[in-house]
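Undergrad: Build out the structure end to end from the sequences listed, making use of the hints.
Read top to bottom, the protein sequences are chains A and B. Letter 44 of the first sequence, counting from 1, is numbered 150 in the numbering used here, and no numbers are missing. Letter 7 of the second sequence, counting from 1, is numbered 1 in the numbering used here, and no numbers are missing.
Hints in this document: simulated from the structure, not taken from any laboratory. It is possible that part of the hints are untrue.
As the list claims (entries may be wrong) - For the chain A half of the interface with chain B, some residues (derived, Cβ under 7 Å), not all of them:
no.	residue
1	194
2	196
3	211
4	216
5	217
To be verified - Residues from chain A shown here face chain B by an in silico Cβ test under 10 Å; the list is partial:
no.	residue
6	110
7	144
8	150
9	151
10	157
11	164
12	167
13	198
14	214
15	215
These numbers come from a predicted model, not from an experiment. Ideal Cβ placement from N, Cα and C applies to all residues, glycine included.
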Amino acid sequence: AQSVAQPEDQVNVAEGNPLTVKCTYSVSGNPYLFWYVQYPNRGLQFLLKYITGDNLVKGSYGFEAEFNKSQTSFHLKKPSALVSDSALYFCAVRDMFRGMNRDDKIIFGKGTRLHILP
Amino acid sequence: DTGVSQDPRHKITKRGQNVTFRCDPISEHNRLYWYRQTLGQGPEFLTYFQNEAQLEKSRLLSDRFSAERPKGSFSTLEIQRTEQGDSAMYLCASSFSGQGETQYFGPGTRLLVL
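TA: Written out as structure tokens, the structure is:
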């Protein structure tokens, strides 16, 4: 079964500095990987995804993520953080290989709270 | 706004009452998902539909929970005999089936059971 881990509950970054939010995953086959952001009392907003191809994926609001198959990681990055980036970030995975049983769901990590300090 | 909508946004109920939530997906999307999110956790999958067919249900979905999507458009999630442990944010998402499909989420319904 697939799983995803976000090892940091919270990340603090000074405004203007680069940020990284970590994510590792486990799947039987090859993964589809996603990042979502959640602002207070709101639903999740899609940021970016990796399906295949280039390991560096660019998404909304200047975010990007790098797929590393050998390290089974999909870390979210941004070169220069903004105070408005402060939010809860979720990594999610879906297994391309679903075996004998239909399994179209994606599995979310517990989330990482990002604080950008002015 | 043509995104996913959910109604109501907030619901307070007493233990033992029944509640029903509605989700309207993005119009061209054939898949609709329900998730539950509790404080400090990521969304947990409950069930999903492709068109009007309910294709998968999580073990989290006890027999007090039922979901429908009768015409393949909007969906309802009903919780019967609510318990305090049902208090959570209930999220709906929709997508168009395909390789690496992206799920788009609604704003959620926050349920508080007293």
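Undergrad: The structure should be examined with respect to each hint, and the outcome stated for every one.
TA: Structure-based check of each hint:
1. 194: Cβ of residue 194 of chain A sits 9 Å from chain B, so the hint is violated.
2. 196: holds, 5 Å
3. 211: holds, 4 Å
4. 216: Check passed: Cβ of residue 216 of chain A comes within 5 Å of chain B, closer than 7 Å.
5. 217: holds, 5 Å
6. 110: This interface hint holds because 8 Å falls under the 10 Å limit.
7. 144: Cβ of residue 144 of chain A sits 9 Å from chain B, so the hint holds.
8. 150: holds, 4 Å
9. 151: Hint holds; residue 151 of chain A Cβ to chain B Cβ min 7 Å, cut 10 Å.
10. 157: Nearest chain B Cβ about 3 Å off; hint holds.
11. 164: Interface hint status for residue 164 of chain A: violated (15 Å vs cutoff 10 Å).
12. 167: violated, 16 Å
13. 198: Holds. Min distance 8 Å.
14. 214: holds, 3 Å
15. 215: holds, 5 Å
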